[in-house]
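Read off the chains here:
Protein chains: 2
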Amino acid sequence: MEASFAGRFAGLTPLLRPRSVAVLGASADRLRIGGRPIAYMLDRGFGGAILPVNPNRSEIQGLRCYASLVELPERPDVAIVAVAAERAVAAVEELAAAGVRGAIVLTAGFAETGAEGAAAQTRMREVARASGMRLLGPNCLGLFNAPIGYFPIFSASFEGGWPLPGRIGIASQSGAFGTHLFVVARDRGIGTPVCITTGNEADVTIADAIGWMAQDEGIDVIAAYAEGFRDGDVLRAALAAAKEARKPVVMMKVGRSALGQAAASSHTAAIAADDRVAEAVLAEYGVARAASTEELLDIAYLATRRLYPAASTLGVLTVSGGGGVLIADAAEANGIAMPPMPAAAQARLRALIPFCAPANPVDCTAQVFNDLATVGTFLEETVAGGYTTLLIFFSQVGGAPSIAPRLHDHLAALRARHPDVLMVLSILAPSPLVAQYEALGYAVFADPTRAVVAIGAVGRIGAAFAAPPPAPAPALPAFALPAEHLSEPAAKQLLRRVGIAVSAEEVCQTEAQAEAAARQIGWPVVMKIVSPDIAHKSEIGGVVTGITSPGDVVRTHALLLERAAARAPHARIDGILVARHHSGVELIMGLARDPVFGPVAMVGAGGIFAEIMDDVALRSCPFGADTAQAMIRSLRCFALLNGARGRERADLGALAMMLARLSALGAAAGPRLLAVDLNPVIASADEAVAVDAVIVLRE
Amino acid sequence: MEASFAGRFAGLTPLLRPRSVAVLGASADRLRIGGRPIAYMLDRGFGGAILPVNPNRSEIQGLRCYASLVELPERPDVAIVAVAAERAVAAVEELAAAGVRGAIVLTAGFAETGAEGAAAQTRMREVARASGMRLLGPNCLGLFNAPIGYFPIFSASFEGGWPLPGRIGIASQSGAFGTHLFVVARDRGIGTPVCITTGNEADVTIADAIGWMAQDEGIDVIAAYAEGFRDGDVLRAALAAAKEARKPVVMMKVGRSALGQAAASSHTAAIAADDRVAEAVLAEYGVARAASTEELLDIAYLATRRLYPAASTLGVLTVSGGGGVLIADAAEANGIAMPPMPAAAQARLRALIPFCAPANPVDCTAQVFNDLATVGTFLEETVAGGYTTLLIFFSQVGGAPSIAPRLHDHLAALRARHPDVLMVLSILAPSPLVAQYEALGYAVFADPTRAVVAIGAVGRIGAAFAAPPPAPAPALPAFALPAEHLSEPAAKQLLRRVGIAVSAEEVCQTEAQAEAAARQIGWPVVMKIVSPDIAHKSEIGGVVTGITSPGDVVRTHALLLERAAARAPHARIDGILVARHHSGVELIMGLARDPVFGPVAMVGAGGIFAEIMDDVALRSCPFGADTAQAMIRSLRCFALLNGARGRERADLGALAMMLARLSALGAAAGPRLLAVDLNPVIASADEAVAVDAVIVLRE
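So the sequences go chain by chain: S and U.
Residue numbers for the first sequence follow the working numbering, beginning at 1 and rising by one.
Residue numbers for the second sequence follow the working numbering, beginning at 1 and rising by one.
Hint data in this document are derived by calculation from the structure and do not stem from the laboratory.
Keep in mind that the hints are not guaranteed to be accurate.
If several chains are the same, the list does not tell them apart, and a pair holds so long as it fits within one copy or across any two.
Below 25 Å or equal to it, Euclidean Cα-Cα: the simulated DMTMM-like pairs (lysine to aspartate or glutamate) are [as the list claims (entries may be wrong)]: (1) 253 x 227; (2) 253 x 447; (3) 528 x 539; (4) 253 x 295; (5) 253 x 488; (6) 253 x 294; (7) 528 x 505; (8) 528 x 488; (9) 528 x 562; (10) 253 x 651; (11) 537 x 515; (12) 253 x 274; (13) 537 x 648; (14) 537 x 677; (15) 528 x 648; (16) 253 x 93; (17) 537 x 651; (18) 537 x 488; (19) 528 x 187; (20) 253 x 187; (21) 537 x 699; (22) 537 x 686; (23) 253 x 112; (24) 528 x 506.
Hey, can you work out the whole structure from these sequences and the hints?
What follows is the structure in structure tokens.
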């Protein structure tokens, strides 16, 4: 991470861990916006100074109250702004002038209300930026840092209980959802010591919150809720910092659907970057993307075990055959490897329980509970199978009072002997028993499918942590974009200059010219009638493929003109196009520019199915050939490139290098390059070549 | 439903609702297999006679014990068999001889252990069938019918509490999973009065259990767990009975098994894996298929509200913009319509709270909780939007002690005024508050995504309940399958006979013959070299398309022979194939035979993408053109047929009729017809025609 970003994230510390807090608009009413933060901090024993500011009172909730900022006995590290909207900008200006390092603006009525509010919010940001003060909000719920009793937040969610000790930090653009996450976590016994909600993000964004947590020693896992991103570079820096610190980021990014996007833009006025581009950037940094709040917490919870195997394999021990089938189904759906047990171990288990299924899932059958020593043997044998992750499905048997106490000892011994194995228990048991197993180091899930989903996500996190740094993007020769529009030939020339193969073709007027063009282009060629009046060439026989000799060229030239004369007698004929005939698998490649993340390269299945099947891989530019190859391999149509149905394998190296060069072009060309469209790209065993190319520049 | 099936399902009543129960292998130990059922029935006050049978004791758990079946004072309705495996068959024989109507065989050691056990199990079935006694198991956990205190089951799961009163019946092949479901339900406060686990299914299958529950007045919703099905007809009858009774079946179907050996060799069969056939049959009857245990219970729970709108629309009222975005995403992913609020209502809401988002999702913002009358207005306005289903997302605010009590009155009034609207509350609240809302008639979900998934499933259930009966399959002219293998021409002739268009073609030896063939076939034609030595015709220019005149045929004939002579001089030439050239969208259609469900028809995307993109629709045979059209419309490639990318629309009627006729052929041809493969089928605005056809018969 660049030092500038490290400093930027560290700059949030006055907001998160201040020694003194002023409250502008402080209230004596413990249920009001200006009252709740004070009440909470008093209740939770915040150790620093709490300095209420309210011109109408001398005392608030037992604290001395000050009439204005200038009367404060000390300069606070941070100020909570809970004044009316019309006074909030002035308050921020005063704070900046006084040299306060952080402002938490709970006041609403800014960009979310229209142009006037947006202008006020811009002013707020400018004031804060000019003074170096970090500003959270406006229109945010606030934040908490529970271990130090710091609660500059007006949520009612603490009425049901305080945050539990733990290692998960919550970063959320939505206040309601940030506290929803906290409440669900608390009610499941999961600790979330820090929660930051960013509201309108005039200054501090969710990326800043993630970046700060990446540096914070109290946080191991970051659970984030986002509707959109404002600055691609800050997000990248934050995610890179988290990855460097081996802190998983689990994110629920909403706004995938059209209706969701519309709702999101009306909600926080977040920039609507293409969800798929955001998805690609998140994937690049190993972010685990969750589909629901529960899944978000499931993954974060499992991640707090801090075991991130580089190449995850799952061993399953089940007391129910049905559970084993269900788990195997779910594992396959989640891309989790479940290699079989070693043959010798299988033989030993079969000797112990003849009707067990010892492969993997290992079904020990309910019979083992007649003799719990047998359970111990099954457990040890399954771990000895060498899996990085163990899932034990004991369902209600694991929680039954007649069994659980004796089972506990076996599970405790197992956990102690194999601290490096990620162990997950799927049992139906009362909370105290669940807590006991968690204290041993197990992650406990009631639902086996949810356990598998979380295991899959943590496996991908481990793979991302372990991945070597990607190869750099290829170096390109110097090139210049023209001042004007790029014609098709000029576009192709530019592409060739940067090493992207583009098919050769020539419009010819005579047989001799066609013959010469074909010799120059190389065999085989395809020949086509060129006429503005013939839309569907093939319907009049106006396309001939597979031409491999000069004689064929001459014959075909005559044939095409003859057909045109007979079947489209009134068509104007511009000539005969001679083009290299490329045969192979059709793909598309392209570049586009995302408003948040900049140039993005894509590759997808070609032909008529491209759009319909939505078989596309995206990545922000630039990237190297290894990344390009991974993108191509991720396509469903990759099987066609890889020898499916008796085909020759395509030259994947050439294809990947083409895509990597395209990405380098996207990065190097600057913002004037709006789009590149290579459609189709033909991939064969010999080559990867763009048959058609369009480049769009900003005029 | 046929009367025979109604009688078959009613025949389970002695198993489910007996007046007297014998226990063979009764035990005094309340924790043993032969002891638990007696202990449970005593604890739960089973009203009928409990008759322990054990030659070694005169009293068991306070009941008189009998030495053998013949000594019983009465003939029991049902007997629980908990004796050792080697004595179980004899016990079943005795029961059958004594005229007992039902046997529940808990004993294990039968088909699950190998050939010998399977033989014993077959004997058991034969004995039962011959006497008309219904037999549950062997190797099953048993069942319970809680309202009558009837617990012929040895699960330990009751140690954590008894089943709650309610309207959901559980049918499960797996004993462990059946009780897993019961425990999860119980711990969520959901009542499951009946649970039937079917084990090895020698006689009673999960389909019987579903069929019985379809008739039982105590059950409104059937939650099923299945690994596979044994008899397609019984399953169909059971699902039809449930649908007729408007009882939703929610099913978790895990695992896969291979299709029949012969069918697997054809291309269609390879695509038509067994699980997809089952999926298609389940879909036919409106079964909601759940992906996890939690989802199964979520859907069943929501279904107990017994509101099944025919055309479901969802209105969302949210206190959090973020929650609205998340719900909109989830609704789109689940195919739920969320039409916008009427414009006038939007204007009224905006007048009330200027910064609200009144479209749908309706974001009332947290501000409404300052004045709860406003919440009431928002609630009423949203319902007045005319939605069949209302989802109210109040998260932790809905459970906060400072708000919840006043909110309750508004929600109670709303519920009372609109009893026909399916109302779902997503709140984080303590169980007693959740129970209060449930008592009002709300379904309550903590997680909004789970609520949306369940709403989507119940919407599909409602649509299935309301769907008109499908059109009958088309009548076919009489046809006969040959005794022998069907040659390609014979196969095409058979297809033409039943009204399926097959492309015309002819292998010709002379120019004149080719010309005549082309005239006969109709223009345009395609011509191809036919040679056993030329695998890739197009590589030597051996395929010419777009031939539209006799002169072209003659010229092309010469050209093809010339190219072959020049480029494949040693190839044997069998002639020149002249075929009608069809252009349009490529599809595949086929028939396969499923071992459980019989003939299955499929349609899918054609060309090289067929397998890779897995774009296929299946249905068991026969069906009418409306069903065929729905199948075609369900394909992702349907856009190509429907005018995407400037194409003409394909003749969907012809295509659907072709598929319907194929299905009628599958149903009429009998089990000798193993597979039909039409690949490709070309669909255009003018026609739907099979270009190649293979029919596989059992020799």
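ask   = Quick check: which numbered hints come out false for this structure?
value = 5, 10, 16, 19 and 21
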